[in-house]
Amino acid sequence: MTRLILRRLAAVPVVLIVIILLGFLITNILPGNPAELRAGQYATTEVIERTEASLGLDEPWYTQLRIYTGNLLQGDFGENSLTGLSVSDDLGARWPATVELTLVGFLLGLAVGLPLGVMAGLRSNGIWDHAGRLVAVVGVSLPVFWVGLLLIYFFYAELGWAPPPTGRAQIGTEPDDVTGFYLLDSVLTADPAAFWSSLKSLILPAITLALLVAAPVARIARSSVLEVRNQEYVTMAIASGLPRRVVLRRWILRNAMLPVVTMMGILLGYLIGGNILVEIVFAWPGLGGYAFESINNNDFAPVQAFVIVTALAILMISLVLDVIYAWLNPRVRYAGAED
Amino acid sequence: MTEDRDRIARALERQALTRRAFVKRGVALGVALPSLGAILAACGSDSATEAASTSTGGAAPGPVASSGLSTTPKTLIPSTPTPNIIVVTQTEPDHFDPHSFHSIEGFNATLNQMDTLVEWQFTEDVDAGIFDAPFTGEITPLLLEKWEVLEDGGLYRFTIRDGIVFNSGNPMTVDDVVWTLQRGVNIGFMPTLMGLGRITKENQITKVDARTFEVKPAGKVPEVFMIGLLNMPLSGVLDYELVKKNVPAAAGTAEPARWAEDWIRKNPAGGGPYSLKEWQPGNQYVLTAREDYWKMPPSNSQVTVKVVPNPEDRVLLLERGDADLAWGLPRKAVKERLADVEGVTVENYPSVNCVWIPLNVEVKPLDNVKFRQALSYAVPYQTIIDEVLFGFGQQLKSPVPNGMPSHDPSAFVYSTDLDKARSLMAEAGVDKATLDISVRQLVDDDNQIAIWLQQSFKEIGVELVINKQTDSVYQSKLAAREHTMSVQNWISWVNDPYYHLTWLAKTEPKKGQGATFNNYSNPTVDKLIDEGLYETDAGVREAKSKEAQKIVVDEASWLFLFQPDYLVSRRSDLKGFTRYEDEQFRYHLMYKDEEA
Amino acid sequence: MGTSSEAVLAPALPTGGFRERWRRSWWVLSRSRLSLVGLGLVLFVVLFGLLGPLLIPYDPETGSAADRELAPSFSHWFGTDTFGFDIMARTAAAARLDLFIAFVVTGLALIIGSVIGLVSGYAGGRVDEVLMRVVDTVLAFPAFILALGIAAALGNSLRSVIIALTVAYTPFFVRVVRSETLARRGQDFVLAARCSGASGPRILGMHILPNVATAALVQATLTLGWAILDTAALSFIGIGVKPPTAEWGVMVSEGAKLIVTGEWWVSLFPGLFIAITVLGFNLLGDGLRDMLDPDSRS
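Chains as they are written, first to last, in numbering that gives the first Met the number 0: chain S, 0 to 338; chain A, 0 to 595; chain H, 0 to 297.
Note that these hints are calculated values from the structure, not bench results.
Every value quoted in this text rests on a predicted model; they were computed, and no experiment measured them.
Possibly wrong hints are sitting among the right ones.
List of simulated lysine to aspartate or glutamate pairs, DMTMM-like, C-alpha gap at most 25 angstroms [claimed, not checked]: (1) Lys219/A / Glu144/A; (2) Lys265/A / Glu157/S; (3) Lys419/A / Asp443/A; (4) Lys241/H / Asp529/A; (5) Lys276/A / Glu51/S; (6) Lys215/A / Asp161/A; (7) Lys549/A / Glu507/A; (8) Lys549/A / Asp529/A; (9) Lys241/H / Glu386/A; (10) Lys431/A / Glu458/A; (11) Lys256/H / Glu335/A; (12) Lys510/A / Asp366/A; (13) Lys256/H / Asp366/A; (14) Lys241/H / Glu346/A; (15) Lys476/A / Asp175/S.
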């Protein structure tokens, strides 16, 4: 198992270099001139040229790449051309929002999807099964932005149950900044009002994201449980008179979780993409909205940074999942390596 | 015309006699901006309304709350400041450098934290609950104590007010002011503007003594114009000591490091009613009122400006009282929903904001005057005003908008007349044409206007292809003057036809230097503008301006659309809103009236 | 689940069983009510798109101010939008466009992905190593972000969206086809063909491809659904068609602005059609998957 993890880790730098190069390539063919963006409208040609020089844009591409990579190694993602703020700071200010939303949405989705899928798998062809399958397939078919809009319309505009879709907490009730995670911060600072406010603001976007998670999880859990249930070793276990609960826990669930774990990895990556839409619809001040804004401005530094951070996050997630997978899968755990 | 001449004469005479520092009939210069894009604005002289007060209220610098206001039984100054005012806005402030300009929000955040040398005089309207600072009003000293016009406009001497303290605690000195103005000769778009005031070199701005400095333009500049330039809200005075402390290079001579651009864009370095308490990028920023603000304590203690990108969300927030004031709401929702909501006040004021479509005269067949005229007859003027403006505005009938001196709608012959358009097409020898119009993908008005035009142009055999572009693509093509057609808007901050036309209709020395987005070039128009710009005779100014307007309208290099009203939606209990015609929010007089 | 699909496919003869397999597929499909529903939904949307112009007496891109924002009524079943465009006519036009995009994107991704997958899986060794590294890297980006970035870089047009989505989806086909190819490569009928002197391309084309095709087809059905969703999502944030071209995502985003003033129908119908179409493809894909996977079959 250690060998497997080491091997995975060894591949990381290679993928990383490719990602950095790719990010640089993609963003350097973006149209638009960052110097113009930064000098402001109606700036004179001289001012723009001077800005270009100060941003290093008059250098050949390989020099730019060298400067960029050098800065990157020091954790410097460059500057947002529009605001002049450090991209690292921008990302620092925004990632807790995205991670908080993603985690809550993800867990909510798992909490709904997993039991639904397992139930459906255990009693295939029952009412549960059909209901579960329908929910799952409908869930993956809904456009997330549309669902977000409908939720806002009904629960905020019409019913008035939800708070306004304006970010992470109602105005004036934000918790004091400790970690940047509002729920955590309001617990740490013992601020129930802030906790309640943050939770309320989080609910609709989290539900929207959860929909993206619950449906595929339920689907994969169902088919996986179904498959395991029909395996000989399960039949054997049941035949040998073991209690159903034990069989369920030790044989069925444990084995059925393998594909679910794989699916979780794919979903987490997918969520980072799906987040953009949810963040736009709910005005959530996270990375997705930032990326969208930067792409709209063709601001290359933030786009590069976003691409790299996203890819890094996905890489880490898949590493962690590999470990979980290995832990769950005795074949990998004992044999040492398997692809 | 004689009336105008008399007015200017009276004003100049009064100044000459009293040496009192104020300019009659506002000139203001500025950078104006519309929706998302930004616009530079312009200079003005006098205006259509003759409100002409003998009131000297504006002339006497001092606390606004004093004098006239205190004698009325009711004022718009609360006894205790409101703890927090919540404003919802489209985007976050991009940066705080008064000399470079990116977005309205950055500009708005800056001007609440930074006093300028002069300001528009404003008056109080207790019944309406607002203050009013029209372009047609006077300009009064703010950080200045007075100014003197010497050598018939060839030299200006300024005296700064004593005892001003920046937000940092540093006292304001004449060195701060001189450095700020010299910086303006070098940074951002300011050189373009300073150039209009014939100031292109640092050594034209010199310190005389501890409280006095002089500006020597390269040629005479009328007072209205010079003071107008100084009234640019973006020319806030920077705290040079603070800058030097944080950026040692600012004390040196190395270019461009001495202008500390990187630091200033991130750090509001001036003195004004507010200081920046916190800024959470992408979320909100909070302004704290300075209780020791020199002019008067602000009517509120704090302003929270929250970024809510979706305009419809801002409508709902205002409706439910979750926000006190909202930026840029969609007119449809204002009219059909907000206007009927109890507790919300919607006000619209006529504005000199121009919205038009520059026709790129370098693109065939738009180089053909007849064809451009044909298009002008195919614009569904009324439909666009009804469907895009929802009645909040008026038709634009000249490059110089209604409300700006010398506005002349008489040359405007166009109406929606498809037969006329077809016959002009035939005269032009154009049977069919395909044209591109570039629209900013996030700007709703652009898209709507384009579709209505497309529907109508289809009738005369012109296919309009709508290209949605991201802001940056749009802006860089605009800078290169490559758009075939696009929707533009502009508020000239100096309410003067020559300032206005210099930007919008004069041949650009080089593409992108100016705001003549359609590569239009007419030597006669250029000559008229040049002659009128520094002319002091009001009659001549008016006549030449009208002549230029007529040529531009005849040549149809614009599709003239409309002048949208300035639309303000606020909670009814929010009092002390100040209407500035640059359509920016100044927060320090706002408070919430608990009795309302 | 690679093991279980082998179980079904292994008995199939390498050639000649094609029509037989399709007959069997149809039989399985017809036994699965949900897949039939899926097929029905897809056919409904296709017919709605194709017959729309014949049945709806309005042009999707011609409107008038007089007809603006009419609620659904007998003359305008789905109502009209801000420009007086008939929403039903636009929904039908958008059905043609969105399905077209989805089929083109999926078709391109299927072809390119299958070729790369076959080569990679069959050749193995260094070629496989390099190709997989590239695929993994592309897969490291969420498909939507990748598409967003590519479309932004290529310029705002339909062509960019098609290219971007194709790039984003191709790796999924590479993966599926490669793993199926790997599974087939060592099987008896391939070995037999190789022993009898068949060339590499011939083995790939005649023996492996038909066996791999079914798995790729399932992937394609699901990809059609993704393509519809992602095209709409890109348009929703402003990347894709030129106005006033009707496209579901654009229509939802236009309608979103009108919800506050009560015109709910403008965004409701196009949103519903996205959901129906994707649901159709997903149900159908599920059915096809069940067909391959006897263990989970009802």
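Could you work out which earlier hints the structure fails to respect and list their numbers in ascending sequence? 2, 3, 4, 5, 13, 14, 15
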